[in-house]
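So the chains spell out like this:
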Amino acid sequence: MLPNLFAPTFIIIAGIACGFILGFLFQKGQLSQFKVIVGQFLFTNFTVLKVIMTAIIVGSVGIHLMLYMELPLKIDIYPFSILAVTIGGILFGIGMVVLGYCPGTCIAAAGQGSNDAWFGLLGMIFGGWIYAEIDPIVHTHIKSMWKTEMTELPKILQISPWMIILALVIISIILFKFLGRKKIAQK
Amino acid sequence: MIKFLKKTSWSPYTVGAGIGLLMSLAYLIIFKILATSTAFVRLAAFLIGIFSVDYVIYNEYFSRFVASKPVFEWQVFILLGILIGAFISTKLSGITFSFIPYQWGQTFGFSKPVRAIGAFIGGALLIVGARIAGGCTLSLTIAGGLELATQGWLFIVAFFTTGIITAHILYKK
Numbered sequence: 001m002l003p004n005l006f007a008p009t010f011i012i013i014a015g016i017a018c019g020f021i022l023g024f025l026f027q028k029g030q031l032s033q034f035k036v037i038v039g040q041f042l043f044t045n046f047t048v049l050k051v052i053m054t055a056i057i058v059g060s061v062g063i064h065l066m067l068y069m070e071l072p073l074k075i076d077i078y079p080f081s082i083l084a085v086t087i088g089g090i091l092f093g094i095g096m097v098v099l100g101y102c103p104g105t106c107i108a109a110a111g112q113g114s115n116d117a118w119f120g121l122l123g124m125i126f127g128g129w130i131y132a133e134i135d136p137i138v139h140t141h142i143k144s145m146w147k148t149e150m151t152e153l154p155k156i157l158q159i160s161p162w163m164i165i166l167a168l169v170i171i172s173i174i175l176f177k178f179l180g181r182k183k184i185a186q187k
Numbered sequence: 001m002i003k004f005l006k007k008t009s010w011s012p013y014t015v016g017a018g019i020g021l022l023m024s025l026a027y028l029i030i031f032k033i034l035a036t037s038t039a040f041v042r043l044a045a046f047l048i049g050i051f052s053v054d055y056v057i058y059n060e061y062f063s064r065f066v067a068s069k070p071v072f073e074w075q076v077f078i079l080l081g082i083l084i085g086a087f088i089s090t091k092l093s094g095i096t097f098s099f100i101p102y103q104w105g106q107t108f109g110f111s112k113p114v115r116a117i118g119a120f121i122g123g124a125l126l127i128v129g130a131r132i133a134g135g136c137t138l139s140l141t142i143a144g145g146l147e148l149a150t151q152g153w154l155f156i157v158a159f160f161t162t163g164i165i166t167a168h169i170l171y172k173k
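Top line first, the protein sequences correspond to chains X and B. Numbering-wise, the first sequence is residues 1 to 187 according to the working numbering. Numbering-wise, the second sequence is residues 1 to 173 according to the working numbering.
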């Protein structure tokens with residue numbers, strides 16, 4: 001057995017507390033359901049997009065407000081490989097559709113009683129092992145390719161983050177209003 | 001309040017706002033992002049470590065996670081919390097879920113072992129993809145997204161596009 005097992009108590013409690021709220025939110029938000037996740041990709045259910053966009057907007061306002069108030073935040077944004085994120089995203093997308101959950105919502109699915117999710121979790125642990133084996137190859141041939149330092153949208157577009165947030169809000173309102181009307185029209 | 005907690009579902013906007021708020025507070029109070037993909041690497045390391053500690057320590061990738069930090073770290077406890085939170089949420093609303101999702105059954109049939117294998121493969125792809133890209137839906141899509149980081153937005157485009165294509169191939173009737 002590995003020697004150093006447990007993080008400090010504070011981290012344990014904070015982790016479980018945050019996870020609890022997250023799990024509750026996922027389950028109530030129906031994100032832990034196959035039909036909702038797959039439904040998003042089939043355009044029959046827009047819950048996923050609504051949750052993600054709202055979370056990004058609320059969170060973005062939150063942290064940029066905190067940064068503006070000069071509160072101490074630790075935001076790690078590093079240079080990355082465009083190839084790695086693209087390939088990783090593709091595999092993630094396939095996995096998400098085959099499994100019907102993403103990692104976080106899969107645990108929520110297991111918690112809610114969708115017992116197929118447990119096999120998904122086993123698969124994820126297995127995936128952790130696979131990756132540990134292929135990491136040297138990935139590092140040399142994928143993660144070192146097409147690297148970019150263009151890591152922050154506000155800097156690239158040369159505008160204030162608030163402008164981007166505003167754009168996201170406007171796009172979201174238009175998109176979700178349009179979807180709402182389409183749904184009423186279909187009924 | 002209790003009635004609210006006992007509902008079978010909440011508005012996606014409420015849930016999204018809750019997640020965004022939780023994320024912001026996590027940045028401020030604990031200096032950490034809510035994330036999950038590394039937890040699965042840790043769990044893999046732990047399970048393998050039961051059989052051979054040497055294998056884990058000499059694996060360059062695993063050792064990064066277990067050398068200077070404890071095995072059961074932040075993300076692992078988030079997973080535990082999610083499990084409990086979802087469980088309580090379901091118990092409060094009183095609904096049950098089936099083993100085989102309907103759309104899966106329409107395409108692959110209603111055999112449990114087949115679904116189990118499919119879920120396993122999907123899960124493996126998820127984590128391999130997440131580790132190559134550098135995160136999962138929480139850490140890259142939501143945290144990266146709200147930080148307005150290009151890595152996050154590129155990931156969103158990549159997995160969403162792929163997901164749409166894959167779903168249409170597999171499940172569109």
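Hints were generated in silico from the structure; no laboratory data involved. Among the hints, a few may not be true.
No farther apart than 27 Å at their CA atoms in a straight line, the calculated lysine-lysine pairs in the DSSO-like style are these [what the hints assert, rightly or not]:
id	chain 1	residue 1	chain 2	residue 2
1	B	K173	X	K35
2	B	K3	B	K91
3	B	K7	B	K32
4	B	K173	X	K183
5	X	K177	X	K35
6	X	K147	X	K35
7	B	K91	X	K35
8	X	K182	B	K69
9	B	K69	X	K74
10	B	K7	X	K177
11	X	K35	X	K155
12	X	K183	B	K7
13	B	K69	B	K7
14	B	K91	X	K147
15	B	K173	X	K74
16	B	K32	X	K35
17	B	K112	B	K32
18	B	K6	X	K182
19	B	K6	B	K112
20	B	K172	X	K183
21	B	K172	X	K177
22	B	K69	X	K35
23	X	K35	B	K6
24	X	K74	X	K183
25	X	K155	X	K74
26	B	K3	X	K35
27	B	K91	B	K69
28	B	K69	B	K112
29	X	K155	B	K112
30	X	K35	B	K172
In this text the structure is predicted, and so the values were computed from the model without any measurement.
Quiz item: Checked against the structure, which of the hints given earlier come out wrong?
Solution: Checked against the structure, the hints that fail are numbers 3, 6, 8, 11, 13, 14, 15, 16, 17, 18, 19, 22, 24, 27, 28 and 29, while the rest are satisfied.
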